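**Q** This is what each chain is made of:
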Amino acid sequence: MLNYEEFKTYIVEHIKDYLPLAYEPAEVRIQKIRKNNNQQWDSLQVVMPGRHVVPSIYLKKMFERYENGMPVKDIFRACASVIMDNKEDEFFDAGNMVYNWELAKEHLLIQVVNAQSNQEMLTQIPYVMKEDLALTYRIMLSGNEDTGASILVDNIMLEAWGVSKEELYESAMENSKVMAPERVMCMEDMLKNMMKYVPDDVSPEGIELNESDNDFMFVITNKQQFYGASAVFYGNSLEELAKKMKSDLYILPSSIHEMLVVSAKDHDASELADIVQTVNANVVTKEEQLSDHVYHYDPVSKEIKLADTTMERIREEMEVAENHETYQAANDSPINRRSR
Amino acid sequence: MNYVMDGRVVEMPRENSAKERADRIKAQKEAYERAGGKEVKKDA
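Chains A and B, in that order, give the protein sequences.
Per the working numbering, residue 1 is the first one in the first sequence, and the count goes up by one each step.
Per the working numbering, residue 1001 is the first one in the second sequence, and the count goes up by one each step.
Treat the hints loosely; a few may be bogus.
[Said to hold, decoys possible] Below 30 Å or equal to it, Euclidean Cα-Cα: the simulated DSS-like pairs (lysine-lysine) are: (1) B:Lys1019 with A:Lys302; (2) B:Lys1026 with A:Lys105; (3) B:Lys1019 with A:Lys223; (4) A:Lys130 with A:Lys105; (5) A:Lys223 with A:Lys130; (6) A:Lys35 with B:Lys1026; (7) A:Lys61 with B:Lys1019.
[Claimed, not checked] Beyond 10 Å from chain B on every Cβ pair, some chain A residues (computed): (8) Glu5; (9) Lys16; (10) Glu67; (11) Trp101; (12) Glu174; (13) Pro181; (14) Val283; (15) Pro299; (16) Ile314; (17) Arg315; (18) Glu317; (19) Ala321.
Calculated from the structure, these hints are not laboratory results.
Values in this document were obtained by computation on a predicted structure and should not be read as measured data.
Just so it is clear, CB atoms sit at the ideal spot from N, CA and C, and this is done for glycine as well.
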């Protein structure tokens, strides 16, 4: 049985044995890909000369299959099948969008992520802070609505476009509302909808607030149901829900794809935060987690604010963590180890 | 599975199964109900 490092090396050394001879000049490489919340995944790429689009196979997932007993030759065949499934033609317009603002602005989508967990990524991309969350931007690649293929907008693109961060935010917000309109459903309807992916023509449009016994908790997402947590920042859905519930609201970050909303009446924000933290720890994958905190929506001011903590407290906690890391790094340094 | 385009990662979230997402939301609903959320709302 190979360990993960041996597995990676073995795949790189032998993947060409499972590919047609045409792949002989290709470069086989492993690249670290940064996912949401600073998750680093090894990506296997077989790069043909002159190709701009390359399939990226996450070796961690392949290794899990190997550990679960999948024969190595079947893993190679699965990888080869992905490598030969070239999507370059489908993404042909994406290369243009990267450097053309007029094309890109019609495809912008807002994605909300946790600012603290993505500090490193945020140094390279434009964003807007909302409490401890960061609104980032993606370009949806046209013709790929079924897969949701998109790329993250970075500072290099922003510079090439020659637009301000304010203009980017306004265009992305405007376009998101049109391209990925919000969906608000009671929990039961949402679950039914998710279990059988419903095509657009029969999917409920906009804010659907049926009266039922199950309407104590609502889900806010977007039409596509991915990166839909950002829909709470569109404004309309929270306002409508607050009217329906005749109260302020608490927003529970389910994941980067959706938010849960309950009435703020008779609920304790700290208890709700405990639930969010438990669910994050046990059910939500690290790369899909949004936040361990609960947010309060005030229908009068129309503001979303942290409910179970404050930004000041989060900053203090970050400072303590950073100091702790610095202290540990200093004590683990070779100089200190020698002097002990 | 994802793609890399000129060094930029093309994410494809729809590749994640709808069932995975439904399971996540269901777990959250159940956790909330266990904590008394539904009853509080009904009594309110």
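**Q** The structure should be examined with respect to each hint, and the outcome stated for every one.
**A** Going through the hints against the structure:
{"no.": "1", "hint": "B:Lys1019 with A:Lys302", "in the structure": "violated, 34 Å"}
{"no.": "2", "hint": "B:Lys1026 with A:Lys105", "in the structure": "violated, 35 Å"}
{"no.": "3", "hint": "B:Lys1019 with A:Lys223", "in the structure": "holds, 17 Å"}
{"no.": "4", "hint": "A:Lys130 with A:Lys105", "in the structure": "holds, 22 Å"}
{"no.": "5", "hint": "A:Lys223 with A:Lys130", "in the structure": "holds, 22 Å"}
{"no.": "6", "hint": "A:Lys35 with B:Lys1026", "in the structure": "holds, 25 Å"}
{"no.": "7", "hint": "A:Lys61 with B:Lys1019", "in the structure": "holds, 18 Å"}
{"no.": "8", "hint": "Glu5", "in the structure": "holds, 22 Å"}
{"no.": "9", "hint": "Lys16", "in the structure": "holds, 19 Å"}
{"no.": "10", "hint": "Glu67", "in the structure": "holds, 19 Å"}
{"no.": "11", "hint": "Trp101", "in the structure": "holds, 17 Å"}
{"no.": "12", "hint": "Glu174", "in the structure": "holds, 22 Å"}
{"no.": "13", "hint": "Pro181", "in the structure": "holds, 17 Å"}
{"no.": "14", "hint": "Val283", "in the structure": "violated, 4 Å"}
{"no.": "15", "hint": "Pro299", "in the structure": "holds, 17 Å"}
{"no.": "16", "hint": "Ile314", "in the structure": "holds, 22 Å"}
{"no.": "17", "hint": "Arg315", "in the structure": "holds, 28 Å"}
{"no.": "18", "hint": "Glu317", "in the structure": "holds, 24 Å"}
{"no.": "19", "hint": "Ala321", "in the structure": "holds, 27 Å"}
In summary, the numbered hints that this structure violates are 1, 2, 14.
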